[in-house]
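Make a model of the complete structure from these sequences and hints.
Protein chains in written order, with our numbering: chain W, 1 to 56; chain P, 1 to 179.
There may be inaccurate statements among the hints.
[What the hints assert, rightly or not] Which stretches of chain P does chain W cover? Using the computed rule of at least three CB atoms under 8 Å from a CB of chain W, they are: (1) 29–37; (2) 45–55; (3) 145–159.
Keep in mind that the hints were calculated from the coordinates and are not lab data.
For every residue, glycine included, the Cβ atom is placed at its ideal position computed from N, Cα and C.
Chain by chain, the residues:
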Amino acid sequence: MLTKLTLHTLLAALVLGAAAFAWQARDDGPGPALASFAEVLGRTAGAGEDNRGDDR
Amino acid sequence: MTTMPRCRPSPGETAFLLLFHATLSGAFFVAWLTGDEDTYGMHLFAGYAMLIALCVRLATGLLAPAGSALRLPQPSLTAVRAWLRRVLGTAGPGGAGRSPLYAWMAVAMLGFAAAVAASGWLGDRLSSLEELHAALAGLTPAVIAAHVAIAASLQWLGRRSPRPAVLEPRGTLARAPSA
Chain W
1 MLTKLTLHTL
11 LAALVLGAAA
21 FAWQARDDGP
31 GPALASFAEV
41 LGRTAGAGED
51 NRGDDR
Chain P
1 MTTMPRCRPS
11 PGETAFLLLF
21 HATLSGAFFV
31 AWLTGDEDTY
41 GMHLFAGYAM
51 LIALCVRLAT
61 GLLAPAGSAL
71 RLPQPSLTAV
81 RAWLRRVLGT
91 AGPGGAGRSP
101 LYAWMAVAML
111 GFAAAVAASG
121 WLGDRLSSLE
131 ELHAALAGLT
141 PAVIAAHVAI
151 AASLQWLGRR
161 SPRPAVLEPR
171 GTLARAPSA
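Structure follows, in structure tokens:
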């Protein structure tokens, strides 16, 4: 059951993530939206460095 | 506080609960991942998806007939005490059955998700709530890790101890996600 719920979560995250990306790309354009998303992903994945919520 | 026994969910109810869990957790994940000014549009979209999912679940829980698996979870201390006696083997043979801790966990997780989503929505209008939203968001990884660990432990306990014989007939106790 846990595996099933985890898979459902990831699938929903993919679908909702794609929809959210389309939503942002509508305003910013696909290129800038993709660059921003890649930057945030890279920052999140960055080891030992957490800049989330940093307004500086 | 006592709870009315819940019927086993129909396939449609199970699908609804699974869809709700997937939507809420998936949107939660996207919102957490995009909690940055550069991806604010994605963050907003995911936050609104969470709010809509929570509103639909609340409405369904309030409108579902008594005994339905779609009713909102009703945590009970009495049920927890009885379950603990069964787990510890002091209530005779028969197994522990489904843990009433699922209902407590569902309420806690629904409350946490609602608090994060609502503080984000209101924080857009009241800047004083932005810090609360950021603080709650910061707690998210720990809360989700605890949620998964507790769910895995309860599932393991449920597998270890078979369901009590008195709960075997259909229409006595839910076995679906409690959210």
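Hint by hint, here is what the structure shows:
no.	hint	in the structure
1	29–37	holds (count 7)
2	45–55	holds (count 3)
3	145–159	holds (count 4)
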